[in-house]
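S.K.: Throw the hints in and build the complete structure from the sequences for me.
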Amino acid sequence: MTRDIAVVSVAQSQEKALTHTTEVELMVPIINEARGAVGFTQDDIGFTCSGSSDFLAGQAFSFVHTLDAVGAVPPISESHVEMDGAWALYESWVKLQIGGIDTALVYSYGKSSPGSLRDVLSTQLDPYYLGPLWPDAFAMAALQARIMLESGVVNEQRLAEIAVRSLNGAADNPLAVRSSADATVDSVLAEEPIADPLRPSDCAASADGGVAVVLAAGDRARELCERPAWIRGIDHRIDPHQPGVRDLTRAPSARKAAVEAGAGNDRLDAAELAAPFTTQEHILEAELGLGSDTAVNATGGALAGHTMMAAGLMRIADAARQIHDGRADRVLGHAASGLFLQQNLVCVMEGE
Amino acid sequence: MAERLRADLVLEYPFTRTTGPVIGAFLTGLREGIVLGIRRPDGTVLCPPTEYDPETSAPLTELVEVGPGGELVSWTWVDPPRSQSPWDQPHGLGMIRLDGADTPMVHGLLVGGPDELSVGMRVTVRWRSEREGHIADLEGFVPEGAGQ
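Quick note, the sequences are listed as chains A and B, same order. Here numbering that gives the first Met the number 0 is used: the first residue of the first sequence is 0, the next is one more, and so on. Here numbering that gives the first Met the number 0 is used: the first residue of the second sequence is 0, the next is one more, and so on.
Derived from the structure by calculation, the hints contain no laboratory data. No experiment lies behind these values; they were computed from the predicted model shown. Fair warning: there could be bad hints in the mix.
Unchecked claim - Calculated Cβ distances over 12 Å to all of chain B for the following chain A residues:
id, residue
1, 45
2, 147
3, 197
4, 245
Said to hold, decoys possible - Stretch by stretch, here's where chain A covers chain B in the computed footprint (C-beta under 8 Å, at least three residues):
id, segment
5, 68-78
6, 99-113
Even for Gly, the Cβ is constructed at its ideal location relative to N, Cα and C.
M.R.: Below you can see the structure in the form of structure tokens.
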């Protein structure tokens, strides 16, 4: 028996590089917008949970500073995950299931522009076999891409089509940091590889940004939001870390999470996927069982702007907004973490 | 005017770790100039070795020598080299399945350009002359027959 929990409000911001803005300054307006949309102050929030990375901030316990954007006096019930905010949403969902509270604030943010994200991501690798070689994220993704191309599970034409879907879809999306209404398969295929065989448009455009989501349970959600996005299923799974022991053309953990979240139980109007590479978007479409009747990353997805630590929660927010607006009745939000889609979270939401 | 106070900040990780019976054995093997894998209950061999079976989590203990030759499973080209990597020249990055192993390991490919790389080609280990029990004791892999 689970409680009905819904996303009742979302707010987000994303730019190519936030040069003169601290994480606190970034999050103040976003958190105020998400809380304000349902008439909340922090006093109305039963539990607050965030996701961010000290490796990006370059400082231990950096998330404590960002609590200044929330307001933590008088003391609040609060937690943090060194993960994408989608996992902070999962923790909040569990907390709401336990009961005693009816509302939660979830937020996450990332500011990777001061460093070289493709190199910083080497720090997520094991510290004995892979980490000391500092293989950058594009090069690692290229190893997977070549295996996929050689095995025939995808071809360059299909990867370019995914890139074009993102570039074209993002053209009217103010949160996207890379878009092109004119991009075509031919223009993408004409790009010089950045990490052979991957082209620049195969790799997500790095961004700085933040996102905040308010969750509420049962009738409280109905009071706060005209059309709450009810979380009907949420699940996360993980595959082994060492790349050599995995079939890199697959993401079994994504498939398992989708099954457990009930993604295939009914038609999905839209899916928002947090794949940092076209190759991985292709894998996810297959593993999540998305058919041609599901609009995938219609406004560009993570390829059009990838804020480390927030890209997944942003996808859940994008999906929930489509329920709020009445544009969709059943949606899927996805988050990924680690090397080659090692860890995946699937959140299925419905309108009433 | 008051003297400006100054304090140095040294970013460091002031802990030591032990590498354990499997990773430790692998790294010691590198120092001695051999590459070790580990056998799974189904008879297949993981290289690099892990302490546990990736599917069943069963403890693994049977170390076996693999390589030094192997097959290139995938590759990409890294130019410019990444500043913190062991390599200071443009190089390949590959997944290499060593002879006697069933899984590939990631390491550098020491060739002059991407035109010299292809999936399925035979490669072999090039060792550093001074080794300390570190993954970079392997300088990288070179095409078989290219000389050590």
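S.K.: Does the structure break any of the earlier hints, and which numbers would those be?
M.R.: 2, 3, 4
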